[in-house]
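Colleague: Sequence:
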Amino acid sequence: EVYFKNLSKQKQKEVMEKNGNNHKLRVCVATCNRADYSKLAPIMFGIKAEPQFFELDVVVLGSHLIDDYGNTYRMIEQDDFDIHTRLHTIVRGEDEAAMVESVGLALVKLPDVLNRLKPDIMIVHGDRFDALALATSAALMNIRILHIEGGEVSGTIDDSIRHAITKLAHYHVCCTRSAEQHLIAMCEDHDRILLAGCPSYDKLLSAKNKDYMSVIRMWLGEDVKTRDYIVALQHPVTTDIKHSIKMFELTLDALISFNKRTLVLFPNVDAGNKEMVRVMRKKGIEHHPNFRAVKHVPFDQFIQLVAHAGCMIGNSSCGVREVGAFGTPVINLGTRQTGRETGENVLHVRDADTQDKILHALQLQFGKQYPCSKIYGDGSAVPRILKFLKSIDLKEPLQKKFCFPPVKDNISQDIDHILETQSALAVDLGGTNLRVAIVSMKGEIVKKYTQLNPKTYEDRLELILKMCVEAASEAVNVNCRILGVGISTGGRVNPREGIVLHSTKLIQEWSSVDLRTPISDALHLPVWVDNDGNCAALAERKFGHGKGIENFVTLITGTGIGGGIIHQHELIHGSSFCAAELGHIVVSLEGPECLCGSQGCIEAYASGIALQREAKKLHDADLLLVEGMSMKKEEVVSAAHLIQAAKLGNTKADSILRTAGTALGLGVVNILHTMNPSLVILSGVLASHYVNAVKDVIHRQALSSVKTVDVVVSNLADPALLGAASLVLDYTTRRIY
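If you count the sequence shown from 1, position 637 lands on 637 in the UniProt record's numbering, and the numbers rise without skipping.
It should be emphasised that the hints constitute simulated quantities derived from the structure, not laboratory data.
There could be a bad hint or two in this list.
Per label pair, the in silico range of CB-to-CB distance [claimed, not checked]:
no. : residue 1 : residue 2 : range
1   : Asp159    : Val713    : 43 to 53 Å
2   : Lys295    : Ile445    : 50 to 60 Å
3   : Glu590    : Gln568    : 35 to 45 Å
4   : Asp300    : Gln363    : 23 to 33 Å
Derived pair list, reagent style SDA-like, types lysine to any residue, alpha-carbon separation capped at 25 Å [claimed, not checked]:
no. : residue 1 : residue 2
5   : Lys368    : Asp356
6   : Lys225    : Glu286
7   : Lys368    : Ser257
8   : Lys505    : Met467
9   : Lys282    : Ile66
Because the structure is a prediction, the values reported are computed rather than measured.
Think of the CB as a built atom: it goes at the ideal place given N, C-alpha and C, for glycine as much as any other residue.
Generate coordinates for the entire structure from the input sequences, incorporating the hints supplied.
Modeller: Next comes the structure, spelled out in structure tokens:
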């Protein structure tokens with residue numbers, strides 16, 4: 001709230017002069033239950049903090065006003081909001097008929113309230129039956145509706161209600177790209193769709209580091225430790241009540257057997273609620289020493305509880321949406337959330353029909369820690385929503401317009417309240433330089449930062465974090481949304497855990513290093529790590545010559561020799577993450593010594609270090625320089641001098657390059673005979689000097705069945721950065737279950 005007040009003071013004068021309009025937008029926010037209030041509260045704080053633009057009226061109805069569900073209207077009062085109207089709209093009975101009667105009762109009571117308030121716009125959240133009554137009343141009374149979280153897909157009757165509200169609403173705020181696409185497919189006007197992220201994430205992403213032990217002890221007892229308890233939240237499935245009751249019973253049996261301290265929240269007010277509560281009492285959950293059964297936990301405290309839990313279990317949307325922000329393991333039971341986009345922290349047990357299945361899922365998930373996921377938001381939803389509200393022109397016709405097929409290819413309009421370009425933070429850890437870049441979905445390097453790579457682990461990690469934070473901040477200014485961080489580094493990497501196992505000699509103090517955890521914790525972003533050769537192959541698969549190719553190999557020719565193998569469109573890592581160490585294919589039993597300790601490796605012949613070594617030998621023997629070449633006294637001899645000398649007719653330099661090219665070609669022949677790819681891509685600064693030599697060796701030495709392979713030079717300027725970005729872009733855009 002303080003943030004929004006400060007922001008409004010800075011921009012008030014400028015915006016008012018620009019608009020030339022003193023009319024305040026009268027906004028009615030109607031909240032029905034504890035879940036929707038957690039999403040609406042951040043918006044309400046933002047509206048309240050800008051009284052020069054908005055007037056806020058709060059209407060409370062539904063289960064907020066029922067004692068059995070915690071009388072949660074009190075938390076609205078505690079947040080210092082004036083409640084204009086309280087409407088008792090729930091007809092008790094907790095069955096299908098009671099839900100219908102509750103909708104009818106709300107429809108009877110709401111017109112009088114809306115006639116008195118006369119709001120310019122009503123904000124409605126989600127997919128509850130109460131929200132359907134709100135949207136129906138507002139639409140019939142010609143009040144504009146802003147719908148939060150439309151376009152999403154889940155199980156049960158909620159889908160139908162959510163999409164019905166979408167058709168009634170005039171404006172839409174959605175949380176994910178998929179939701180935006182669904183709204184457009186439903187013929188909604190894409191000029192009236194804002195992809196902002198989930199408002200609750202504005203609070204979530206700043207909450208984890210607050211004092212949490214006192215909250216844990218308050219709800220679970222003094223003896224409970226972090227990551228050593230479970231949060232359970234399960235609701236009835238209104239389209240199959242009998243099965244959902246049975247599944248809840250199996251869940252409680254599994255939790256009792258698992259024998260961990262568990263906080264169980266009472267189910268919501270949907271049909272089937274009474275039967276679920278009856279199951280809890282039948283099993284003695286409220287008096288069991290391992291269980292704490294509660295009707296309601298304030299959202300601020302609930303955040304702390306799930307952020308530090310060993311696991312969350314149930315079928316609440318909170319599990320597949322908000323909990324991902326903390327990387328807490330989640331077990332999603334049944335079909336209530338089918339179709340939701342989820343992070344890798346969610347384990348789905350669709351057919352939870354036995355206690356053993358649920359117990360096995362608990363054993364798999366409990367105590368793990370996953371990368372933080374920001375599928376549903378980046379913490380900046382509310383500023384976007386307020387800006388969107390200010391852009392609404394009340395003079396526009398109230399009648400909705402539908403955009404019927406064909407849908408335009410460009411689903412985002414070039415206006416500043418539509419979602420930013422999906423992008424990745426790419427990090428390249430080289431032997432000399434440390435580079436960080438913002439890379440767009442199309443492979444465009446929007447912004448790049450370069451620093452010398454520090455020599456010590458502490459300085460290096462500190463610099464990585466500093467550069468990533470700077471780049472993430474700059475992303476907002478260049479209209480990019482960061483989906484995650486991809487890291488390319490030399491050495492052997494365990495990509496599953498995000499750990500550098502062993503480094504090359506070019507990067508010191510870089511073995512057994514966990515890169516994922518500190519960077520993910522600092523940026524609240526998922527992090528992927530892989531070897532630089534593998535990243536080069538991924539870059540080619542997404543942006544380069546390898547696009548659409550089922551089997552190909554990439555060879556990097558630079559300071560060292562590395563590479564990556566794509567087989568059946570997938571990257572090969574090997575059983576110990578040592579696949580594609582192509583630079584260490586031995587092509588001579590008595591060749592020069594390699595940095596790996598062996599002899600005759602490709603890298604010992606064809607790498608930049610090997611060519612520099614040979615160039616220095618020629619220079620020391622005064623056999624390097626020829627007519628047309630000159631070197632300053634203090635200039636260091638490099639591979640570039642050897643290449644220049646060969647071009648100018650130095651036969652010894654040319655012989656060294658031909659030997660290097662032959663060694664590389666023999667290595668490629670070995671690869672062809674082992675993997676039989678259809679394409680070989682040479683990448684790196686030396687690629688263009690080797691391509692013809694490699695083709696000649698293939699023609700002379702390879703089996704006739706593989707001689708037709710294509711050998712090309714990469715056209716990518718920064719394969720390491722683009723590959724690191726593709727780790728993020730390929731993964732985060734396919735996480736739909």
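Colleague: A separate judgement is required for each hint: does it hold in the structure or not?
Modeller: Now the hints, each set against the structure:
no.	hint	result
1	Asp159 with Val713: 43 to 53 Å	holds (51 Å)
2	Lys295 with Ile445: 50 to 60 Å	holds (52 Å)
3	Glu590 with Gln568: 35 to 45 Å	holds (37 Å)
4	Asp300 with Gln363: 23 to 33 Å	holds (31 Å)
5	Lys368 with Asp356	holds (20 Å)
6	Lys225 with Glu286	holds (21 Å)
7	Lys368 with Ser257	holds (19 Å)
8	Lys505 with Met467	holds (24 Å)
9	Lys282 with Ile66	holds (23 Å)
Every hint, counting from the list given before, is met by this structure.
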